[in-house]
Amino acid sequence: MRLIELHVENLRGIRSIDLHLDGRNLVVVGPNGSGKSAVIDAIEFALTGSISRLKGAGAGTLSLKDHGPHVDYRDKLKDVVVRAKFVLPDGQEAAIERKMSSPTKPTITPTNAAPLLMKCLQTAATGQHVLSRREILQYITAEAGKRALGIQTLLRLEDIEQVRRTLVAVKNGAERKVNQKKTVLRNAESSICRPLNLQTFSEPFALARANESRHVLGGVDVAELCAASLKESLQPRAAEAACSKVNVQTVSTSVASLRTKANRWRDLVAAKVDRLGQLLMEVCADAVLRMNIRHQRLVELGLSLLGDDDRCPLCGTQWDAAELRRILEEREKSARASSPKVSELQKVATLLRTEADTLRAELRDLRRAATDLQIGESAATKQLADTIDAWSTCLDSPMDNFGTPAWPSRELSALLPSDSLETGLLGPLESAIRPYLEVRTPQDNAWDTLTQLEVLLNQLEDARDRYNAATVFQAKADAVHAHFESARDAALEATYDAIAGDFSDYYRAVHANDESAFKSKLTPSGPALDFQVDFYGRGLFPPHALHSEGHQDCMGVCLYLALNKYLNAGLLDLIVLDDVVMSIDTGHRRRLCGLLRDQFHNRQLVITTHDRVWAKQLKTEAIVDAQHLVRFSGWTVDAGPYYESDPNLWQSIASDLSRDDVPKAAWRLRREAEGFFEEACERLRARVVYAGDGHYTLGDFAPAAASMYKALLKKAKATAQSWKQTGMFDKLDMLDKESSAVLALCQVEQWSVNASVHYDRWTHLGKQDFEPIVNSFKRLFELFQCGTCHEMLYVITPGAEPVAVKCACGATTWNLSSREVG
Amino acid sequence: MNHESPVNDRDLKRAVLAEFLSRVAGDDRLGEGVAEGLRTLIAEDKFEQAALAKLLGDDDAAD
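Protein chains in written order, with this note's numbering: chain H, 1 to 822; chain A, 823 to 885.
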């Protein structure tokens with residue numbers, strides 16, 4: 001797709017502009033602040049409905065609606081319009097019009113071109129067609145992660161990334177599932193320990209205990225611990241338990257266990273309770289420590305919230321999940337290390353809480369058994385249970401609870417051992433189960449143990465099956481994820497190698513004189529993209545490590561061009577280079593012209609620059625023809641850029657005057673004349689009074705051009721006379737008289753002495769007064785152009801003195817070399 | 823420098839997925855049906871977490 005025409009109204013610094021590109025390359029040259037980048041903004045707005053410099057990092061509070069319109073049109077968004085006409089890849093022409101009032105709803109004509117045009121616009125939406133100084137930084141000096149993001153956005157890898165994210169989510173889900181199933185499995189194993197009276201689960205020990213019970217019942221050993229064979233070949237007992245309400249054996253064991261734990265608790269409290277109180281007082285009084293704790297908690301919370309989407313749970317920034325986890329764990333570790341007092345406090349509290357939890361669980365089971373055995377609960381037992389609950393809860397977050405009403409009023413040391421525990425719970429329980437224990441035989445107990453074990457083994461086997469299934473699922477998820485990443489890396493590496501190869505070729509073409517052996521490497525490194533370049537054969541380094549700024553800019557342009565080659569997809573031929581060679585010297589720019597001409601002749605280039613020399617090089621190197629080299633010579637807030645390029649200038653002015661719109665006609669004439677006479681000054685080598693700020697207006701160019709024109713004409717006449725070329729002399733004499741008359745009408749030479757004829761007053765004239773000025777300027781323009789080819793005349797100056805004035809076709813030739821006499 | 827061989831984004835994604843399926847098909851650990859199932863999910867544009875988890879043997883994955 002190529003751009004044919006661009007019409008812009010009231011966008012950024014532009015009031016009204018028409019550019020006729022005809023699908024050819026376009027160069028816009030002008031000083032800083034003359035509106036060049038607004039042309040780029042307009043192209044971008046036409047293609048995407050957005051202006052990238054008004055969004056993203058660094059844009060701050062800028063917005064398209066508030067800062068996209070010309071400053072005087074912020075409240076007239078319907079009048080902010082960009083119309084662009086394109087030739088599509090199938091050869092059809094199509095136009096798109098966007099208004100700032102509804103930038104995402106373009107009008108496309110003809111409507112049957114919409115599907116293909118929209119496809120092209122989707123390609124444009126990646127922004128791959130524009131290179132500005134900002135993008136150069138993105139490619140060259142950015143750190144690897146950001147560079148990867150920028151390049152991957154250009155390569156439109158988001159679909160591939162989406163597949164990877166799905167696989168990562170499944171992989172992480174599988175990992176979580178394995179952990180969950182593992183916990184269930186461990187709990188099932190622990191449950192088996194109690195009836196078998198084991199401290200920790202061990203299958204051989206558990207099997208041995210099961211076989212002990214089988215021996216009691218006259219059975220033989222079974223070879224494996226398995227629910228189905230646990231009671232194999234044993235005679236079922238008629239009454240499995242004399243007490244139908246509780247397993248008396250288990251209650252008996254638990255009573256003994258609680259007594260032991262209560263004693264252990266007493267010792268622990270005696271050793272730690274004072275230290276706990278002291279640490280709590282100190283930590284809670286220290287504001288810095290409290291802040292450290294909050295920070296540590298934030299990091300811990302962040303770790304717990306790390307999800308599948310590789311994003312920071314707090315700010316949403318995208319990360320490599322493993323890298324983010326590593327950083328958070330590092331910070332957590334560092335936060336812990338920075339406050340040993342807090343660490344000690346947490347250690348003591350955790351120790352007490354773990355013990356309190358165990359005590360609480362045993363107490364809960366025995367209180368339930370007491371209820372089942374219809375033993376009335378004493379108030380002291382209930383108070384004991386409630387206090388342990390309260391302590392356990394408070395010790396979970398001691399710093400949050402200390403000093404609050406939630407903090408238990410009863411001292412820890414006053415809790416246990418307590419006579420009330422013995423008299424209120426343990427004693428009555430033992431009394432209640434003693435009769436059952438006395439009448440039970442060892443066979444009864446063995447059968448009960450096996451029955452209980454049978455149930456628990458069923459749960460364990462189920463948990464084991466689920467855990468094994470989860471590990472198989474995890475192994476598959478890991479393998480599929482690894483296959484995808486390796487496939488992606490292989491494909492991307494091939495692409496990156498090709499891009500790096502083209503980049504090196506392009507860079508070598510520009511730097512043939514000083515870096516003819518240049519090479520580079522783009523290497524994916526996790527989610528980042530390392531970029532290294534050769535430095536004069538001394539090894540590979542980051543591009544901004546050793547090369548000069550000019551070299552870096554050149555690398556940016558070359559890398560962009562290499563990427564662009566892979567990105568256009570045959571849809572968008574446009575390449576926009578927005579003032580990107582400022583640090584590249586003249587010699588390398590010339591070679592860059594050669595690269596663009598040789599390698600990118602099938603692309604449409606739109607190049608802006610403030611550098612006239614570069615613009616001239618682009619013209620002499622045939623990147624752009626004279627017709628498509630647009631000069632912006634200045635800018636005002638009311639009129640926008642002054643430029644020369646309207647091929648239908650006189651018709652446009654006539655149209656304005658037919659509507660009595662003198663200000664618009666005056667603005668057009670002034671804008672066109674400014675560019676016209678600037679070029680005339682350059683072509684005729686006219687002397688313009690130097691302006692330190694580089695800001696020139698029509699008042700600087702027109703008198704200088706007119707004066708030089710008259711001087712050259714005078715010299716041409718003298719030359720014709722010296723060669724006795726009467727016919728030529730007469731022709732030049734007529735032209736001289738005509739030019740004097742036209743200049744008198746235009747009053748160009750009067751501008752500096754007579755304010756009432758100055759072009760600044762044109763807008764205040766009536767139509768009748770302005771029409772003669774228009775006609776005079778039309779004749780004035782014609783004086784500077786060849787009557788045959790209509791190209792502007794230029795002076796030939798091989799040495800210090802001009803030797804001829806010519807035109808492009810040769811029909812106009814003024815000899816300036818007089819015949820030497822004698 | 824051959825300028826007439828653009829590799830566009832669609833080619834890149836297609837290349838990655840083709841290579842991915844080829845690697846999966848050659849992995850005996852994954853068992854029968856996984857490669858074909860992945861191919862179908864991709865072809866039918868149903869490459870989603872739940873469907874993928876189910877294909878890989880997550881018993882709890884939603885249908």
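The set of hints was computed from the structure by calculation and includes no laboratory data.
Be a bit skeptical, because a hint or two may be false.
Each computed BS3-like pair below joins lysine-lysine, with the alpha-carbon atoms no more than 27 angstroms apart [as the list claims (entries may be wrong)]:
hint : chain 1 : residue 1 : chain 2 : residue 2
1    : H       : 119       : A       : 868
2    : H       : 737       : H       : 806
3    : A       : 835       : H       : 521
4    : H       : 731       : H       : 715
5    : H       : 272       : H       : 382
6    : H       : 664       : H       : 99
7    : H       : 710       : H       : 778
8    : A       : 835       : H       : 119
9    : H       : 261       : H       : 231
10   : H       : 99        : H       : 119
11   : H       : 182       : A       : 868
12   : H       : 382       : H       : 261
Hints, verified against the model:
no.	hint	result
1	H/119 - A/868	24 angstroms, holds
2	H/737 - H/806	20 angstroms, holds
3	A/835 - H/521	22 angstroms, holds
4	H/731 - H/715	14 angstroms, holds
5	H/272 - H/382	25 angstroms, holds
6	H/664 - H/99	22 angstroms, holds
7	H/710 - H/778	17 angstroms, holds
8	A/835 - H/119	17 angstroms, holds
9	H/261 - H/231	34 angstroms, violated
10	H/99 - H/119	20 angstroms, holds
11	H/182 - A/868	31 angstroms, violated
12	H/382 - H/261	18 angstroms, holds
Against the hints set out earlier in the document, violations occur for numbers 9 and 11.
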